[in-house]
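Protein chains: 2
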Amino acid sequence: MRIDGLQYANWSEKVFRQLREGGVDAVHVTIAYHETFRETVLNFEKWNHWFEQYPDLILKGRWASDIEVARDTGRTAVFFGFQNPSPIEDDIGLVEILFDLGARFMQLTYNNQSLLATGCYETNDSGITRMGRQVIKEMNRVGLVVDMSHSADRSTIEAAELSERPIAITHANPYEWAPALRNKRDDVIRAVTENGGMFGFSVYPHHLKDKSDCTLESFCEMIARTAEKYGVRHLGIGTDLCQDHPDSVVEWMRVGRWTREMDFGEGSASNPGFPAMPSWFRDNRDFEKIEAGLLAVGMNSDEVAGIMGENWRRFFAESFGPKEK
Amino acid sequence: MRIDGLQYANWSEKVFRQLREGGVDAVHVTIAYHETFRETVLNFEKWNHWFEQYPDLILKGRWASDIEVARDTGRTAVFFGFQNPSPIEDDIGLVEILFDLGARFMQLTYNNQSLLATGCYETNDSGITRMGRQVIKEMNRVGLVVDMSHSADRSTIEAAELSERPIAITHANPYEWAPALRNKRDDVIRAVTENGGMFGFSVYPHHLKDKSDCTLESFCEMIARTAEKYGVRHLGIGTDLCQDHPDSVVEWMRVGRWTREMDFGEGSASNPGFPAMPSWFRDNRDFEKIEAGLLAVGMNSDEVAGIMGENWRRFFAESFGPKEK
Numbered sequence: 001m002r003i004d005g006l007q008y009a010n011w012s013e014k015v016f017r018q019l020r021e022g023g024v025d026a027v028h029v030t031i032a033y034h035e036t037f038r039e040t041v042l043n044f045e046k047w048n049h050w051f052e053q054y055p056d057l058i059l060k061g062r063w064a065s066d067i068e069v070a071r072d073t074g075r076t077a078v079f080f081g082f083q084n085p086s087p088i089e090d091d092i093g094l095v096e097i098l099f100d101l102g103a104r105f106m107q108l109t110y111n112n113q114s115l116l117a118t119g120c121y122e123t124n125d126s127g128i129t130r131m132g133r134q135v136i137k138e139m140n141r142v143g144l145v146v147d148m149s150h151s152a153d154r155s156t157i158e159a160a161e162l163s164e165r166p167i168a169i170t171h172a173n174p175y176e177w178a179p180a181l182r183n184k185r186d187d188v189i190r191a192v193t194e195n196g197g198m199f200g201f202s203v204y205p206h207h208l209k210d211k212s213d214c215t216l217e218s219f220c221e222m223i224a225r226t227a228e229k230y231g232v233r234h235l236g237i238g239t240d241l242c243q244d245h246p247d248s249v250v251e252w253m254r255v256g257r258w259t260r261e262m263d264f265g266e267g268s269a270s271n272p273g274f275p276a277m278p279s280w281f282r283d284n285r286d287f288e289k290i291e292a293g294l295l296a297v298g299m300n301s302d303e304v305a306g307i308m309g310e311n312w313r314r315f316f317a318e319s320f321g322p323k324e325k
Numbered sequence: 001m002r003i004d005g006l007q008y009a010n011w012s013e014k015v016f017r018q019l020r021e022g023g024v025d026a027v028h029v030t031i032a033y034h035e036t037f038r039e040t041v042l043n044f045e046k047w048n049h050w051f052e053q054y055p056d057l058i059l060k061g062r063w064a065s066d067i068e069v070a071r072d073t074g075r076t077a078v079f080f081g082f083q084n085p086s087p088i089e090d091d092i093g094l095v096e097i098l099f100d101l102g103a104r105f106m107q108l109t110y111n112n113q114s115l116l117a118t119g120c121y122e123t124n125d126s127g128i129t130r131m132g133r134q135v136i137k138e139m140n141r142v143g144l145v146v147d148m149s150h151s152a153d154r155s156t157i158e159a160a161e162l163s164e165r166p167i168a169i170t171h172a173n174p175y176e177w178a179p180a181l182r183n184k185r186d187d188v189i190r191a192v193t194e195n196g197g198m199f200g201f202s203v204y205p206h207h208l209k210d211k212s213d214c215t216l217e218s219f220c221e222m223i224a225r226t227a228e229k230y231g232v233r234h235l236g237i238g239t240d241l242c243q244d245h246p247d248s249v250v251e252w253m254r255v256g257r258w259t260r261e262m263d264f265g266e267g268s269a270s271n272p273g274f275p276a277m278p279s280w281f282r283d284n285r286d287f288e289k290i291e292a293g294l295l296a297v298g299m300n301s302d303e304v305a306g307i308m309g310e311n312w313r314r315f316f317a318e319s320f321g322p323k324e325k
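Taken in order, these protein sequences are the chains called A and B.
Under the working numbering, the first residue of the first sequence carries the number 1, and numbering increases by one thereafter.
Under the working numbering, the first residue of the second sequence carries the number 1, and numbering increases by one thereafter.
Among the hints, a few may not be true.
Stated by the list, open to error - Straight-line alpha carbon distances no greater than 30 Å define the calculated BS3-like cross-link-like pairs of lysine-lysine that follow: (1) Lys-289/A with Lys-229/A; (2) Lys-229/A with Lys-60/A; (3) Lys-46/B with Lys-137/A; (4) Lys-46/B with Lys-46/A; (5) Lys-137/A with Lys-60/A; (6) Lys-323/A with Lys-60/B; (7) Lys-46/B with Lys-60/A; (8) Lys-60/B with Lys-60/A.
Unchecked claim - One-sided excerpt, in silico: chain A residues whose CB lies under 7 Å from chain B: (9) Met-1; (10) Ala-9; (11) Glu-13; (12) Asn-48; (13) Asp-90; (14) Glu-96; (15) Leu-101; (16) Leu-115.
Rather than coming from a laboratory, the hints here were simulated on the basis of the structure.
Ideal Cβ placement from N, Cα and C applies to all residues, glycine included.
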């Protein structure tokens with residue numbers, strides 16, 4: 001079983017076919033960066049259209065059991081998430097509405113301060129806000145996963161502790177291996193995993209040691225070390241694959257509508273666009289290389305199966321929807 | 001089994017308890033008159049709150065099978081509908097979105113011309129519009145029922161013929177019995193029922209012969225005659241019960257935001273508010289009186305069971321959701 005914990009491709013039949021070629025049974029896809037509620041609904045509409053257009057390749061993922069349905073029918077189950085709480089605006093009732101529409105993950109922040117928590121690019125991290133505490137409670141109630149991938153350290157640790165259900169960092173790497181602003185320090189990863197949460201490893205070059213030149217071996221060694229430290233069952237893949245987008249999209253991701261000045265995020269003025277992918281992960285067709293790489297660094301087949309999908313599957317099963325009484 | 005094909009109460013614990021006292025297993029409730037998409041979502045949110053608050057009295061109805069769940073657990077299944085297509089605005093993609101949120105009925109018009117068809121208060125009835133044809137097709141695809149209760153005759157007949165799935169007039173009476181603008185002429189009822197559709201009898205006084213003074217016997221006699229004419233299996237109850245609302249609400253229903261002048265709809269300047277209910281149907285506790293009344297005018301127990309709920313149940317089962325292949 002192969003599950004990717006985060007992608008944001010420029011979706012097309014080509015990409016859906018590559019998901020199949022790569023044996024991806026399920027994928028969590030971003031459908032909102034800075035969108036309002038209504039704009040997010042338009043993105044749900046766009047996906048409804050794709051599900052209708054490509055019923056032989058993809059299906060809408062609502063429950064963990066949809067992963068098996070997908071696998072049994074040679075398709076990919078697509079689960080929805082937001083990289084920012086902008087879709088709920090200032091209305092906590094939208095948490096359940098968006099869950100009903102199929103949302104399964106929501107980041108409490110993107111890079112900036114949100115109504116709920118602090119993003120990893122802010123200078124001051126004031127932790128979870130008043131509304132943030134209420135929204136975490138509501139997300140716990142309906143079964144929408146708290147994702148802290150882009151949040152600042154204190155906010156993330158507080159979210160892991162406040163949340164009554166395990167949370168996720170769907171796409172990042174350990175800071176100790178690659179000291180990027182978006183990568184996570186030991187105490188952050190520990191807070192998330194000790195509370196039963198998941199950590200997904202990213203192959204987005206800005207999160208890799210040596211960026212686009214990172215070797216598969218270095219990436220897999222890092223995973224093996226992280227497994228020793230925090231327990232393999234809390235780990236998965238969350239590639240952050242942003243395939244086929246023009247650079248205007250990375251600008252939208254970073255700048256949204258919050259500034260009139262340019263913000264280069266993890267890039268720079270001299271390197272403003274999407275970075276080149278590492279040679280061993282061009283796109284969805286290359287999951288087998290990661291799988292082989294993990295075996296090559298000495299992880300056993302159970303551990304590798306866990307990281308490639310089984311751990312996410314179990315997490316989906318425990319996390320989506322109201323907690324069974 | 002008792003199912004009411006339309007209500008618009010000022011919902012409260014009191015009314016929910018009366019639904020139980022009246023043995024109502026399912027009810028189709030109006031959650032939009034003139035609301036935009038976002039405003040309709042706020043109404044879904046309000047209901048989510050009630051479902052959370054009164055789990056022992058009500059549950060959200062999505063499928064016909066929820067009626068059995070409700071009956072087996074002593075609750076009422078609440079199915080949602082709109083009296084106007086305003087919630088989809090000018091965006092056909094919202095049909096599926098609103099279905100996903102739980103909408104199961106949508107009127108193509110309220111009293112006025114809409115983007116889709118002509119309402120029964122317009123002078124000229126131009127039939128189903130270009131967008132109307134597309135929306136009917138989309139409603140058929142996702143399994144959202146076309147309701148023509150407030151539409152003009154030609155529009156209704158065209159909808160019955162264009163729709164590939166049976167449609168409904170959830171709340172009205174035959175014009176021949178009570179010649180109100182909202183009641184339906186023979187050819188309209190025939191078009192709906194001949195195409196497999198449903199007709200729900202209203203006890204809203206403006207739709208009754210002699211209005212608030214209508215007798216139970218006259219109402220039940222009318223039902224028996226209608227059954228002889230169009231077939232009992234196409235008939236149900238759709239009380240149009242508007243309980244506990246202040247008169248400002250009937251003003252909202254009639255006037256919305258479409259005029260700055262007063263429009264009295266089925267009322268008049270001298271009688272602008274909600275009319276008094278007939279003595280034999282105060283509220284949900286009185287369904288047994290209708291049931292007894294139907295038996296008293298000579299209908300047999302199977303026929304009565306059909307009208308009181310079984311016919312709606314079968315229609316719900318055939319109508320909600322994509323057609324099975």
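Worksheet item: Which numbered conditions among the earlier hints are violated in the structure presented, ordered from lowest to highest?
Response: 2, 9, 10, 11, 13 and 16
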